[in-house]
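Number of protein chains: 2
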Amino acid sequence: MEEVKLLGFWPSPFSHRVIWSLKLKGIKYEYIEEDVSNKSQLLLQSNPVHKKVPVLFHNGNSIAESTVILEFIEETWPENPLLPRDAYQRALARFWIKFGEDEGLIIHKFFVAIGGEREKAAKEILEVLKILEQQGLKENKFFGGNTIGLVDISYGWLAHWFLVTEEIVGVKVIEPSKLPLLHAWVKNFKDIPVIKDNLPDYEKLVVHMKSYYYKLLFEVVDL
Amino acid sequence: MEEVKLLGFWPSPFSHRVIWSLKLKGIKYEYIEEDVSNKSQLLLQSNPVHKKVPVLFHNGNSIAESTVILEFIEETWPENPLLPRDAYQRALARFWIKFGEDEGLIIHKFFVAIGGEREKAAKEILEVLKILEQQGLKENKFFGGNTIGLVDISYGWLAHWFLVTEEIVGVKVIEPSKLPLLHAWVKNFKDIPVIKDNLPDYEKLVVHMKSYYYKLLFEVVDL
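Chains as they are written, first to last, in full-length UniProt numbering: chain A, 1 to 223; chain B, 1 to 223.
One thing to keep in mind: the hints can contain errors.
Identical chains blur together in the list; that is why a pair holds if it fits in one copy or across any two.
Pairs of lysine-lysine, DSSO-like flavour, derived with a Cα cap of 27 angstroms [what the hints assert, rightly or not]:
| no. | residue 1 | residue 2 |
| --- | --- | --- |
| 1 | Lys39 | Lys5 |
| 2 | Lys120 | Lys141 |
| 3 | Lys39 | Lys138 |
| 4 | Lys98 | Lys187 |
| 5 | Lys204 | Lys98 |
| 6 | Lys52 | Lys138 |
| 7 | Lys5 | Lys178 |
| 8 | Lys123 | Lys52 |
| 9 | Lys5 | Lys130 |
Calculated directly from the structure, the hints in this document are not laboratory data.
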């Protein structure tokens, strides 16, 4: 019998990448919630390098780093493919996943920016998201076409967590007037049943991210 | 007839990742040297997002980002595999490639550090390289075993460019007393004929990186 377990944390967009991929492929798995304030032996032993969720367990092996897990899932269960079959199209998908991993770091800047810095950070994010919209998404329903794939999954944080960030920070970036195609994508993405049914509760996420936000702000003030 | 072209820059470790992979697989290609001080239309059109080398051209398609190109090469020409066949072993390889991409950023800090900051940065790098050595490389000749693969190729900068950095900065990190296994790996890696025959000239690289170094230092002082 195949063993599939996922060690995750409920507000983590990275854990949700793995949840969505497994569910979209119809893979049964056991979910284990990690206590990130008191890290488990399971986490420390299975991801000694980063000590972070998500970690996927498959038949005794453990795999860390969400983008690495996504590729593993795709290779291990090729049914309901989440990457295109064509090597060039796959390369494009990986290019945009990497773009999100590299540029996503600016979100943190937006989150902790105060005063005038906030507008500046929002402008920077808008520029990055415009590139993503115009060169990555284009007029498509999903990244790469008409069906959901790993690029969409990797940008899941944008469709849900980023809206919470906008609410907390008090600046709206993904608006129809600024990013019409990306705004439509957020709806398309969240309309997929597996996504809709597997998102952390919005209000609960606001409370969680607010406490994180004030902690970060406090650290900034403390410097 | 298959078209394979590479747009690169002679001192770029990222361009060399692609060169090594193509040569290890015996793929014939045309090399085009980019003038990075006056970027070509070919570069601007083929990598409009980052405007950086390397860019691989294959039958009219262009692919950017060296780690994405490496995966494309592996999928397009599976002969002489550079990733393990087993999905879990592939995941491990991708984990260590990602580790280098993420943690490699600290090299820049080491490069521009002056005075006491330099020793501090060298200490940080040593900690990162110890993790790489003890958990990634272990007692193996190459990452993942007895033959060269994509992990080794992705760490090529460590085997050649980093030694130049050490010389310029004046601090040695990869020493037998500090990192015996990684020190041995540098030799194993550079002993592979395809690698040895396709490295930028050391003295030329010192001159190039020194001019870059002084430019960076000047910018730091200028702040």
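Hints versus structure:
no. : hint            : result
1   : Lys39 / Lys5    : within (17 angstroms within a copy, 49 angstroms between copies)
2   : Lys120 / Lys141 : neither (30 angstroms within a copy, 49 angstroms between copies)
3   : Lys39 / Lys138  : between (41 angstroms within a copy, 26 angstroms between copies)
4   : Lys98 / Lys187  : within (23 angstroms within a copy, 31 angstroms between copies)
5   : Lys204 / Lys98  : neither (29 angstroms within a copy, 32 angstroms between copies)
6   : Lys52 / Lys138  : between (33 angstroms within a copy, 22 angstroms between copies)
7   : Lys5 / Lys178   : neither (40 angstroms within a copy, 38 angstroms between copies)
8   : Lys123 / Lys52  : between (30 angstroms within a copy, 23 angstroms between copies)
9   : Lys5 / Lys130   : neither (37 angstroms within a copy, 30 angstroms between copies)
Consistency note: the structure conflicts with the earlier hints numbered 2, 5, 7 and 9.
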